[in-house]
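2 protein chains.
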Amino acid sequence: MDDLIKHLFSPAFDNDLLAQLNDSTAIDLTDIFRSIPSNRLAFTTDSFVVSPLIFPGGNIGELAIYGTINDLAMSGAKPLFLSAGFILEEGLPMETLGLIVNSMATACKLSGVKIAAGDTKVVNRGHGDGLYINTTGIGIIPEGINISAKNALPGDAVIINGSVGDHGMAIMSVRSGLEFETTIKSDTAPLNSLVDSILAVTNEIHCLRDATRGGLAAVLNELATASRVGIEFDEKAVPILPEVNAACEMLGLDPFYIANEGKMIIVLPNNKADEVVSAMRKHPLGINSTIIGNVVENHPGLVTARTSIGGMRVVDLPAGELLPRIC
Amino acid sequence: MDDLIKHLFSPAFDNDLLAQLNDSTAIDLTDIFRSIPSNRLAFTTDSFVVSPLIFPGGNIGELAIYGTINDLAMSGAKPLFLSAGFILEEGLPMETLGLIVNSMATACKLSGVKIAAGDTKVVNRGHGDGLYINTTGIGIIPEGINISAKNALPGDAVIINGSVGDHGMAIMSVRSGLEFETTIKSDTAPLNSLVDSILAVTNEIHCLRDATRGGLAAVLNELATASRVGIEFDEKAVPILPEVNAACEMLGLDPFYIANEGKMIIVLPNNKADEVVSAMRKHPLGINSTIIGNVVENHPGLVTARTSIGGMRVVDLPAGELLPRIC
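Protein chains in written order, with numbering that gives the first Met the number 0: chain A, 0 to 326; chain B, 0 to 326.
Heads up, a few of these hints could be off.
Since copy identity is lost for identical chains, a pair holds within one copy or between any two.
[As the list claims (entries may be wrong)] In silico BS3-like links for lysine-lysine, alpha-carbon gap of 27 Å or less:
(1) K77 to K113
(2) K184 to K108
(3) K149 to K113
(4) K77 to K149
(5) K281 to K184
(6) K235 to K271
(7) K113 to K235
(8) K77 to K5
(9) K149 to K5
Worth flagging that the hints you see were computed from the coordinates, not collected in a lab.
Bear in mind that the values here come from a model prediction, so they are computed numbers and not experimental data.
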């Protein structure tokens, strides 16, 4: 354990906070609150149990960093500090662990966060699926921002920043041995700088939510329920990659229910929607941003879709466990 | 999963922060910083993989709450907010999970912390040892407190708040089927209020560390290394329960290396030691507090013990994994 910390974790995550080597890390907020006027923390936790550990487009480590960064960013917070808790299964190849840890370190650097606390436990062979990672994050919510699943209002526009289903189908394709001409890659990415570019246009964002487990359908249902509004979207307006569509058809899955790890839903006043979409399209993670629907007063708590043949259908919460261990 | 959250986690951990139901929880610090002048957070993470999940004196849930509270308290912080990440193995009896979750809720209430963020993942049968729990904590370090493993000075006294080895031997006795007239119980307990009573005497505390994995020997070695000092202690001065001593003898283990979950080491200027011990003895978790040794200039990085027959021996860092999965 000491060796692991000295030779792998410490060099990878090296920073002044971890170097304190105390039971808990002291984080001085003076300079942070000087540069970001605020009195609010954002706090979130997520455990990652994805199998396989390494998949097209990413790995469990990168996913753990970006997943928690995104949960912080969805409240409009600047993500700053993460903890990383590793549960290693005895026998996990050091090479695999090294690759994962180093990609976590790179992910932190790219997105401006620091690992401020860590923990490692080892469990017996056959008891841990190779590796589980918990990341818990702290961010700062700047003054003047009030984003919540409860804030959607009738008349609001609903925006997405790109194609749905990529992450879930990347994992599922590997598991089912599906092969296509183009490999489906996970969309795992840190959304905090894209959120920055949205908030640079307007603070008047009502809801932000990343469309992870349960996909687009789950998020829209959660927002409709929490805000007691209806949501209508246009099936044809939702970007889907052809290879994702094909994989979904072969496996009998609905892409609206498939997990994403770099896609988010933005709900905001309709009169700001075009300007926000334009700003998002200038960001590498928002090139395919588009308005997919709107919030309505009718049928509160219910999500409906205009189908490609012009009808309307109810899009329910996903039932059962569609995709176990995709995140 | 929805059912679990609605019927088990939400009622147990019910509070205004969890009720936000957003991807991350917004925590307003205004009132907190008004009542505790401070500009520093304490941040710590720990994963718990103990087997068996329920043991004499406690269970994995209580342990997860108190373990993280203690890590915060060891920097002199007031523990305030915890996240709880559950990795459940399919097939874990709901009764067991209910007992554990409810005891976590009680542990939070008793020690004045709130669960502010949560996450649950389910892994396939045979992949998760029943239940793993990660808790990550945030506390506030009051102004004027500067506690660190690096701060021990020659001349300082070394105090412990009671008997060593109880937690580790409670677990080991169950695993090995050892039976004694008296059941050995884990000492799992929240140390934050005991730390409060120490800081009420003096802010001049140099080091605090709870003696978990690796026991008393590991902690003293860590402090000696981090502070570049020697530490000497008197074997006879360290309280050990007779049943713990007996169990250690039968299993060929050294009680100084056995994990504790409610014991801590305090290093402080010698002229404050008696007053602090007196204050600690008035606290239910410090009745058997006592001075066990002192910090010396000689042999920096080395811990030595005066043996019961009057000699001196070096007490090394524990080698290998003495007790897997005791926390």
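Structure-inconsistent hints, enumerated in ascending order:
7, 8
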